[in-house]
Amino acid sequence: MARIEIDGESYEVEDGDNLLSACLSLGLDLPYFCWHPAMGSAGACRQCAVIQYKDAEDSRGRLVMACMTPVTGSMRVSIAAEQAREFRSDNIELLMINHPHDCPVCEEGGECHLQDMTVMTGHTFRRYRGRKRTHNNQNLGPFINHEMNRCIACYRCVRFYGEYAGGHDLQVFGVHNNVYFGRFEDGALESEFSGNLVEVCPTGVFTDKTFSAHYSRKWDLQTAPSICVHCSLGCNIAPGERYGELRRVINRYNGDVNGYFLCDRGRFGYGFVNSPERIRKPLLKGHPEITAAMAEKHFHDVLKAAKATIGIGSPRASLEANFALRTLVGEENFFLGLDDTEHTLLETITGMMRNGGIHSPSLREVEQADAVLILGEDVTHSAPRLALSLRQAARNAAFALAGTMHIPLWQDASIRQIQSQARSPLFIASICATRLDDIATDTYQGGPEDIARLGFAIAHHLNHESPEPAGLGNAENSLAAAVAAGLKLAKRPLIVSGTSCSSLAVIQAAYNVAKALPGQNPQLTFTMPECNSLGLAIMGGKRLQQAFERMNENLADSVIILENDLYRRAPGPNVDLFLKTAAHAVVIDSLINATAEKAGLQLPAAAFAESEGTLVNNEGRAQRFFPVYPAPEPARGSWQWLTGALENFQWRHHDDLTAACAITFPALAAITGVSPGADYTIKGCKIPRQPHRYSGRTAMHSDINVREPGQPHDAETPFSFSMEGAMAQVPPGLLPVIWAPGWDSNQSINKFQEETGGHLRDGDAGVRLIEKSGSLEWFRDIPAAFKPQQEVWRIIRLPHIFGSEELSLHSPSIAERLSSSCLFMNPLDAGTLGVSAGEQVAIINLAGSPEDSARDEDELIDLEENSVLEIVAQIDKTLPRGLLVITAGLPEFQFINYWTQVTLKKIHQEGLS
Amino acid sequence: MEQMAKPLTKNIRPDRAFATLADYESTGGYEGLRKAITQLQPKDVQQWVKDAGLRGRGGAGFSTGLKWSLVPMDAESFQTRYLVVNADEMEPGTFKDRLLLERDPHQLLEGIIIAAYAIQAHVAYIFLRGEYHLAALRLENALLEAGSKGYLGKNILDSGFNLEIILHTSAGRYICGEETALLNALEGKRANPRAKPPFPLVSGLWGKPTVINNVETLCNVPHILHYGIEWYRSLALGADQGTKLFGASGRVKNPGLWELPMGTPIREIIEEYAGGMRDGYKLRGFLPGGASTDFMLPEHLDVVMDFDAIAKAGSRMGTGTLIILDDLTCPVQMVLNLEEFFAQESCGWCTPCRDGLPWTVTLLKDIIAGQGRMEDLDALSGLTRMLGPGNTFCALAPGAMEPLQSALKYFREDFERYITGNNAVMESV
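Protein chains in written order, with the working numbering: chain H, 1 to 913; chain A, 1 to 429.
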C-alpha cells in the first residue's frame with residue numbers, strides 16, 4: 001500500500017496501481033475513455049489528465065495522464081487543479097469535433113459514457129466551425145449495430161475484440177482523424193463475444209441490434225438481478241423489460257464469475273422469452289380453451305386418480321422447481337430427465353467435486369491459472385465465457401516476465417508486446433480443432449478414448465501411482481511427458497474437462513491428472529450442458545431410462561414432465577412409447593416442444609425472466625434469479641404449479657420451498673443464504689426494479705384504461721415492481737440497475753466495487769456449495785485406443801455456441817447465426833469416398849442403436865427410411881479418421897441423436913455424370 | 001587533412017557516383033571495425049563512443065554511447081538483442097541521411113556492425129524509407145559485398161562474432177520515423193507509437209532489448225573507432241562533438257548539404273555555404289532542423305549549431321537541415337502547409353493529435369480564406385499548449401506545434417492581417 005495526496009487529502013492506495021484506477025477505486029470522479037479495468041491502460045484518449053507535483057513545495061506541477069502514471073508512495077497530485085480541468089474539458093471539445101449531435105435518437109443516450117464524461121468535464125461550448133467527417137456504416141450481422149460517425153476513437157473495441165477476446169475480423173483501418181473501426185467488408189462479426197462491444201464502446205457506435213428492434217431507454221426498463229440460463233457457468237445478467245416484453249440482456253458484474261463480459265449466446269439468447277412458440281395458456285388435449293383454474297383442477301385430479309405418478313425433473317429448471325416436483329411425486333418416483341450417458345457423467349463429476357479433494361475454481365481463479373490442460377472440450381462452444389477467461393490465463397507468464405522487467409501490469413500494450421516470449425502453457429486435447437488453438441502451446445486431436453488415454457498418460461508422468469495406458473504411441477507419450485512437465489512447473493495449474501465428449505474415461509482421466517499434480521493448488525473444472533446440471537445432479541435421482549421401465553412395467557400410469565423435452569434426452573421411439581403408455585402426461589414448460597405437443601395437459605410455465613429460483617453453476621456456486629416482471633397470466637412459475645398441487649400446501653412461498661430444499665439436501669444447505677428473502681426491506685421498503693426516472697408509468701397503459709393499475713405485488717422476492725424504494729443501501733450484489741450520480745453508463749460499476757475490477761462491496765452474488773474435501777482412488781479403467789474400421793464411422797455430437805442449447809434456438813438473432821447442419825469428416829475419409837466439401841452424402845445407421853429394443857411393430861416398417869440421412873459433407877483436416885462430427889442439439893438431427901456406428905455413401909447427383 | 005575534417009563525406013564525390021567497397025576500403029574503410037572487433041571488448045566500444053561525445057543525429061541528441069550502455073546484457077531473458085537503424089528519413093526539408101545512404105553505403109554498414117558488436121546483437125534491421133529506391137539498391141549491393149569480404153555474416157573477421165543485417169523498406173508514413181512506431185511497423189503492426197516506459201532498450205523489437213540509431217549517428221562510429229576519441233573531440237567548434245551534415249532549402253542561392261563541424265554558426269551556413277538569399281528576397285526566418293522545429297529569426301543568425309545552443313534560442317537543432325522563410329512567402333501559408341502534413345500523418349491514436357491537428361488546419365484555412373476571427377488566434381494558441389509535450393502520446397503533435405507556436409509569436413501580424421482584411425498580396429509557398 002502507498003499513501004498519496006490527492007487535492008490535499010491523504011489516501012491509502014494500492015502500490016504500483018495506475019493513478020486513474022486508484023482514484024476510481026477511492027470513489028473519486030476522473031473522466032476516462034480508453035482505460036478499461038479488464039484491459040488496462042492504453043494512453044490513447046488523454047482524458048484522465050491530472051497534475052502531478054514533484055514534492056510538497058512544487059506549486060506548478062506537470063500534467064500527466066493518470067492511467068499511465070504508476071502510484072508511488074508520498075506522491076502528490078491534483079484532479080481539481082485548473083490546468084488539469086481545462087485540459088480535460090478541451091480534450092472533450094476535440095473528441096466532440098466529429099461526434100454527431102444525435103443524442104436524442106441514439107440508442108446509447110441515457111447510458112452513454114461519453115455523455116457522462118462530457119458533463120463531468122463541463123465542456124459546453126463548441127468552437128469548431130468546420131464540417132464533421134462522416135463514415136459509412138457496416139452490417140455486422142444480427143447482433144450489433146454500427147454507427148461509426150459517433151466514434152471517438154478510444155480503441156476499446158479493437159482492444160477488446162482482438163486482443164482480449166482473440167477475434168480477427170474487427171480492426172482499425174485508416175489513419176489520422178479518419179480511423180475506422182470495422183470489418184474489411186460487411187458481414188456478421190465472427191467472435192462469440194461480439195456483444196460485449198455494446199458495453200465496451202463508450203458511446204453509440206456499437207449498440208445492441210436486438211434491443212434496437214424494440215428499443216426503450218435504460219431508465220424505462222424494469223430490471224431484476226438474474227442468471228444466464230444458456231450454459232452451466234451461471235453468468236450474472238441484468239435483463240430489462242418494458243410492456244411485458246423482455247427487451248435486452250446486459251452484463252451484471254460479478255467479481256467471481258463473469259466480471260464485465262458475457263458471451264453472445266448469453267446476451268442475445270433471451271429472444272425465446274418473447275417467442276411465439278411460448279406456451280401462453282394451459283392446454284387440455286381434446287378440450288376447448290380452459291382457464292388456469294380448470295387446468296389446475298384437472299392437474300390435481302390427474303394426481304389423485306393416478307396409481308403412481310412419475311416426475312421427470314430438468315437441468316434447466318431451478319432447484320426449487322425440481323424439489324417441488326420431487327416432493328409432489330415422492331423420491332421413488334423422481335427421475336432426473338437426463339440423457340443416459342450425461343446422467344452417468346454428471347453423477348461422476350458431482351462425486352469428484354464433492355469427494356475428490358480438488359478445488360473447483362471460479363472464473364476469476366481460472367484467469368489466474370498459470371498452466372492449463374483442456375481435456376476433450378472446445379470450451380468456446382461448451383462454456384463460452386470460460387474460454388474468454390482461459391484466454392486471459394494464457395497471459396500470466398507475460399505478467400510474470402513483465403514483473404522482472406519492471407513493466408507495470410496495467411501497461412497493456414507493453415505486456416502484449418512481450419507475450420510472444422512468455423505465454424503460460426495451455427494444452428488442448430480435443431476431437432478436432434478448437435477456438436482456443438491459436439493460443440495453445442500444443443494441441444492433440446483424437447477420439448474420446450485417445451483423449452482419455454493421453455490424459456491417463458499425463459497423470460502417470462506426473463505421478464507413477466496413477467495407472468499408465470498400455471501401448472501408447474511414442475508421439476502421444478512424449479506429448480504427455482511435455483504436458484506433464486508444463487503442468488508440474490505451475491503454481492496454479494488447472495485441468496478443464498466436461499461432458500462434451502460424452503466420455504466417462506475422459507472425465508476420469510482429467511481427475512487423475514488433477515490428483516497427480518504436485519503442490520497444494522491443483523484446480524479442476526468441468527463444463528456441463530445446462531444452467532442447473534450440477535444442481536440437479538447434487539439433488540440426485542433416478543435415470544430417465546428407469547422411468548421408462550417403470551411405466552412399461554405398469555408401476556406408474558401418469559407422468560409430470562418439468563421443463564424438459566424428452567426427445568432431446570432419449571431415443572425418439574423410447575419417448576414415444578413412454579408417452580403413449582402413460583395414461584396422463586402433464587408438461588410444465590415455457591416453450592412448445594415435441595414432448596409438450598404429446599402431453600395431455602400443458603401448463604404454461606414462466607420463463608426465467610418471469611420467475612425466481614436457485615441454480616447451481618459448474619463451479620458449485622448457488623445463485624438466485626428473480627422475476628424481472630410478473631409472469632403473464634395464466635403462466636406461473638413451475639414451482640407454483642407444483643406446490644399448488646401438494647396436498648397440505650405447506651410451502652406458500654418460494655422462500656419456504658428454498659428452506660425446505662436446504663433442509664432435505666444437506667449438500668444444498670447453504671442455498672438459503674444465496675439472497676435475502678421476500679421479507680427483506682431497507683427502511684421498510686423493498687428494492688425497486690424500476691429506476692427513479694422510470695417514466696410514463698401512469699400513462700403507459702392509458703390507451704387501454706386511463707386509470708393507472710396498481711403496481712403488482714411481489715410476495716416472493718425482496719424486489720418491488722415499482723420505482724419507489726431505497727436504492728442507496730442496497731448491497732451491490734442485489735442491485736437491479738447499476739447507476740450512480742453523474743454515471744449513467746455501465747461504467748458506474750466502479751462505484752460499487754471494493755476496487756476497480758475487484759469484488760463487489762458486500763460481496764459478489766452467490767454462495768459456493770462445494771469446497772474441496774476427501775480424496776478418490778485413481779481411476780483405472782483405461783479404454784483401448786480408438787481404431788477406425790473400414791467403412792464404419794462413429795458419429796460424435798459436439799456442442800456449438802449457436803445451435804446446441806435448447807432455449808436460445810428460439811431466439812431470432814441466434815437463429816440467424818446457427819451452426820450449419822452438415823457433417824464434418826476427415827479429408828482422407830472423404831477422399832476414399834470420393835466426396836468433396838459441399839457434396840451430399842448419405843449416412844446409414846448400422847445396427848446396435850438403443851432404439852431397436854423400444855421399437856414396436858408399426859415402426860419397424862419405417863426402419864428402412866428412418867435409418868438414412870442425406871446431409872452435406874464438409875472437410876475438417878483436424879478431425880481423426882473414422883470419426884464424423886455433427887452439431888449436438890440441432891433439431892434437424894434429433895432423429896439421429898442415438899446413432900453411433902454408421903456407414904456413408906456418396907450421393908451421385910443425377911444428370912451430372 | 002580535408003579527409004580528416006570531413007569524415008562522413010570524404011568518399012562522396014561530386015560526380016554523383018557512389019563508393020564501392022574498394023573505394024571505401026581505400027580511405028580506411030572497415031579499419032574501425034577491425035580495431036573494435038579484434039582489440040576491444042563490447043563494453044570498451046560503448047565507452048569509446050560515450051567518451052567521444054557522439055549525440056544522436058536523429059534530432060533528440062541523446063548520447064549514443066550511453067544509450068548502448070543501458071542495454072541489459074545480463075539476465076537470460078535479455079539474451080536476444082536487436083539493433084535497428086532508423087533510415088526512415090521523412091522529416092520535411094530533411095535529406096541528409098539520403099546522401100549517406102546513396103553515396104557511401106559501406107560507411108553505414110560498418111557503423112552498424114560496430115554498434116551491433118558493442119551491444120552484442122546478432123541481427124540488425126535497416127528500416128529504410130520506402131521512397132529511397134536508389135538507397136535500397138545500393139545497400140543491397142553493399143550488403144552482398146560486405147558479406148563476401150567477411151565483414152558480415154558468421155565469424156566476422158575471425159572474431160567469432162556473427163551478424164545478419166536485414167534491409168526493410170517501409171510501406172510509408174511519417175510516423176514510422178518515431179522509433180517505437182518504427183518497431184511496430186517492422187513487426188507488421190499498425191505504425192502507432194508505443195507507450196514508454198518500457199523503452200526499446202528494455203522491450204523493443206518483438207519485446208527484446210533493442211537499440212535504435214539514426215543513419216548519420218552510426219556513420220560517425222567507424223571514424224571514432226578508427227581515428228580515436230581525441231581526434232573526434234577535436235573536430236567540433238562548440239559544446240557538441242564531431243561533424244554533422246547541415247543543409248539549407250528555400251530561396252537561398254545555393255541550396256544543399258555540407259558536412260561541417262558541430263558548433264558552426266547558422267550565419268556561416270546560410271551566408272557562406274548556401275550563398276545567402278537569392279536576389280530580391282530577404283531572410284525573414286528559418287526552421288533550424290526540419291519541419292517540426294520552432295522558427296528562428298535573422299537575429300538568431302549568430303547562434304551556433306549545437307543542441308543546447310539552439311534550445312537556448314527557443315528552438316531545436318532537429319536534423320540540422322534549415323528551411324528558409326523569405327520575406328515574400330507568407331508564414332501563415334507556410335505553417336498551413338506544414339500543419340496539413342502533420343494532420344495527414346497523425347497515426348490517429350491519441351485525441352489531441354488526431355483531432356487537434358485537423359482543427360488547426362481548419363482554423364488556418366479559415367483565416368487564409370478571410371473567414372477567420374480574432375478569437376481563432378486564441379484557439380490556435382490554445383491548441384499549441386494542448387498539443388504540447390507530455391500531453392500527447394508521442395512527439396509528433398508537439399513537433400507539429402513548434403512552427404505554429406513560433407509563427408504566432410514572431411509573425412502574429414501576418415495572421416491578423418488576414419483576419420482584419422488588410423492583407424497584402426503574398427506569394428504562396
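I should point out that these hints are in silico values taken from the structure, not numbers from a laboratory.
Check before you lean on any hint, since a few could be wrong.
In silico DSBU-like links for lysine-lysine, alpha-carbon gap of 30 Å or less [stated by the list, open to error]:
hint : chain 1 : residue 1 : chain 2 : residue 2
1    : A       : Lys149    : A       : Lys10
2    : H       : Lys54     : A       : Lys196
3    : A       : Lys409    : A       : Lys253
4    : H       : Lys281    : H       : Lys304
5    : A       : Lys6      : A       : Lys35
6    : A       : Lys189    : H       : Lys132
7    : A       : Lys365    : H       : Lys132
8    : H       : Lys54     : A       : Lys312
9    : H       : Lys285    : H       : Lys491
10   : A       : Lys6      : A       : Lys312
11   : H       : Lys491    : H       : Lys772
12   : H       : Lys580    : H       : Lys281
Checked hints:
1. Lys149(A) x Lys10(A): The given pair, whose Cα atoms are some 22 Å apart, holds under the 30 Å limit.
2. Lys54(H) x Lys196(A): Satisfied, since the Cα-Cα distance of roughly 20 Å is no more than 30 Å.
3. Lys409(A) x Lys253(A): holds, 28 Å
4. Lys281(H) x Lys304(H): holds, 23 Å
5. Lys6(A) x Lys35(A): Satisfied, since the Cα-Cα distance of roughly 21 Å is no more than 30 Å.
6. Lys189(A) x Lys132(H): holds, 29 Å
7. Lys365(A) x Lys132(H): It holds: about 15 Å lies between the C-alpha atoms, which stays within 30 Å.
8. Lys54(H) x Lys312(A): holds, 24 Å
9. Lys285(H) x Lys491(H): violated, 61 Å
10. Lys6(A) x Lys312(A): Satisfied, since the Cα-Cα distance of roughly 27 Å is no more than 30 Å.
11. Lys491(H) x Lys772(H): holds, 18 Å
12. Lys580(H) x Lys281(H): Given pair Lys580(H), Lys281(H) holds - Cα atoms ~23 Å apart, limit 30 Å.
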